[in-house]
Amino acid sequence: MARNWQPDFERLVDEHQSMVFSLAWRMTADRGLAEEIAQDVFLELDSHITRIESPQHALFWLRRVAMSRSADALRRRRVRGVDLWIEIEENHGAPQEERSSPLGARLEQLLTTLPEPQRAALVLRYQEDLTPEEIAATLESPLATVKSNLQRGLKLLRAKAECNLKDYVRPGKSLGGARADG
Amino acid sequence: MDELKPMNEPESIDRMNEFENQLRQALVRRPAPPGLKRRILDQRNLRRTARFHSRVVLWQRLAACFVLAAALGGGLTWRHVEEQRKGEAAREQVLTALRITNHALNEVKARLAVRDE
Chain A
1 MARNWQPDFE RLVDEHQSMV FSLAWRMTAD RGLAEEIAQD VFLELDSHIT RIESPQHALF
61 WLRRVAMSRS ADALRRRRVR GVDLWIEIEE NHGAPQEERS SPLGARLEQL LTTLPEPQRA
121 ALVLRYQEDL TPEEIAATLE SPLATVKSNL QRGLKLLRAK AECNLKDYVR PGKSLGGARA
181 DG
Chain B
1 MDELKPMNEP ESIDRMNEFE NQLRQALVRR PAPPGLKRRI LDQRNLRRTA RFHSRVVLWQ
61 RLAACFVLAA ALGGGLTWRH VEEQRKGEAA REQVLTALRI TNHALNEVKA RLAVRDE
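Quick mapping for you: the protein sequence lines, in order, are chains A and B. Mapping of the first sequence onto my numbering: position 104 corresponds to residue 104, and the numbering continues sequentially without gaps. Mapping of the second sequence onto my numbering: position 37 corresponds to residue 37, and the numbering continues sequentially without gaps.
Isolated chain A (complex conformation) (with noise of 0.2 Å):
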């Protein structure tokens, strides 16, 4: 089936423009910066077009170099000295109408805040419902590493969550009973 199959580029781009937009954009925090990341994910798959060989390979093609995209697009930012959150801050994301809830809102706010390996791993396992498996295949990383980022993430996050979204936690009740020592 796979051999028989010709990639076809505006499928592909109109199938996974979504997901390598968010990966991009959860990762940078940068809408801007996530649409050029996009353009140069799919423009670099347009070259290498050929070798793609399935509609999964196109996938996991696609995630592993918008992820990598995303990972260089970081480091040139520290390089540049540019302080990200700052910029999160200035409300260079997503405008509000478009979240799903400010709960929700809120938590990817605060995942932007994670270090990139926890952030990275807590993306693909959330956002695209990965294995860890296919997650230390995507990032190429050891799969301990993946399993460790996204157990301390997951921690890491729950407890920036217990600390910062006090306005979303009623009385005597907390964010999905999330506990920083839990």
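Keep in mind that the hints were calculated from the coordinates and are not lab data. A hint or two may mislead.
No farther apart than 25 Å at their CA atoms in a straight line, the calculated lysine to any residue pairs in the SDA-like style are these [stated by the list, open to error]:
hint : chain 1 : residue 1 : chain 2 : residue 2
1    : B       : Lys37     : A       : Ser54
2    : B       : Lys86     : B       : Ile100
3    : B       : Lys86     : B       : Leu98
4    : B       : Lys37     : A       : Asp8
5    : A       : Lys155    : B       : Met16
6    : B       : Lys37     : A       : Arg11
7    : A       : Lys160    : A       : Glu128
8    : A       : Lys147    : B       : Glu18
9    : A       : Lys147    : B       : Ile13
10   : A       : Lys160    : A       : Gln109
11   : A       : Lys147    : A       : Arg80
12   : A       : Lys155    : A       : Ala136
13   : A       : Lys155    : A       : Arg106
14   : A       : Lys147    : A       : Pro102
15   : A       : Lys147    : B       : Ile100
16   : A       : Lys147    : A       : Gln109
17   : A       : Lys155    : B       : Val28
18   : B       : Lys37     : A       : Asp14
19   : A       : Lys160    : B       : Arg24
Please arrange chain B on chain A, whose structure you already have, making use of the hints.
Here is chain B on its own, set in the frame of chain A:
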């Protein structure tokens, strides 16, 4: 999503699961910006056009190099052939001169022989 559970709920696994569900819901894929696909396709066309132009320029340069090399090679070959021709002509002239000299010497020798007799 905003359904919150009491903090003292005993099952930490449930709490974690709920937190994970909330995170999963918060991290649904966002729709791509409306113009993204068009921009990608425009960029792709621009790149292809640029690639095509650079290929044309490359072929033009290659053709120009080929013409120059051919002209240079032709010139060198012509010069070599011309030099050979001139050398051959000079050799012929020298041989003719030698033949004439030889003939003249033979005549002088014959006259001297007649006179000595």
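Quiz item: Would the pair Lys37 of chain B and Ser54 of chain A pass a check requiring their Cα atoms to be no farther apart than 25 Å?
Solution: holds (21 Å)
Self-check item: 25 Å Cα cutoff - pair Lys155 of chain A, Val28 of chain B
Solution: holds (20 Å)
Quiz item: CA of Lys160 of chain A to CA of Gln109 of chain A, is that 25 Å or under?
Solution: OK: Lys160 of chain A and Gln109 of chain A at ~11 Å, within 25 Å.
Practice problem: Mind checking the alpha carbons of Lys86 of chain B and Ile100 of chain B for me, to see if they're no more than 25 Å apart? | Solution: Distance of about 21 Å is within 25 Å: holds.
Practice problem: Could you grab the alpha-carbon distance between Lys155 of chain A and Arg106 of chain A and see if it respects the 25 Å cut-off? | Solution: Given pair Lys155 of chain A, Arg106 of chain A holds - Cα atoms ~16 Å apart, limit 25 Å.
Quiz item: For the pair supplied as a hint, Lys37 of chain B and Asp8 of chain A, is the alpha-carbon distance within the 25 Å limit?
Solution: holds (14 Å)
Quiz item: Would the pair Lys147 of chain A and Arg80 of chain A pass a check requiring their Cα atoms to be no farther apart than 25 Å?
Solution: violated (31 Å)
Quiz item: Holds or violated: Lys147 of chain A with Ile13 of chain B, Cα cutoff 25 Å?
Solution: Within the cut-off at roughly 17 Å; holds.
Exercise. Measure nothing beyond the straight line between the CA atoms of Lys86 of chain B and Leu98 of chain B; if it is 25 Å or shorter, mark the hint as holding.
Key: With a Cα-Cα distance of about 18 Å, the restraint between Lys86 of chain B and Leu98 of chain B holds, given a limit of 25 Å.
Quiz item: Taken at face value, is the distance from the CA of Glu18 of chain B to the CA of Lys147 of chain A at most 25 Å?
Solution: At roughly 19 Å apart (the allowed maximum being 25 Å), Glu18 of chain B and Lys147 of chain A satisfy the hint.
Quiz item: Given the hint that Lys155 of chain A pairs with Ala136 of chain A, does the C-alpha gap stay at or below 25 Å?
Solution: With Cα atoms ~19 Å apart, Lys155 of chain A and Ala136 of chain A stay inside 25 Å; holds.
Self-check item: Agreement of Lys147 of chain A and Gln109 of chain A with the hint, judged by alpha carbon distance not exceeding 25 Å
Solution: holds (22 Å)
The structure does not agree with the numbered hints 11, 14 and 15 stated previously, though it agrees with the rest.
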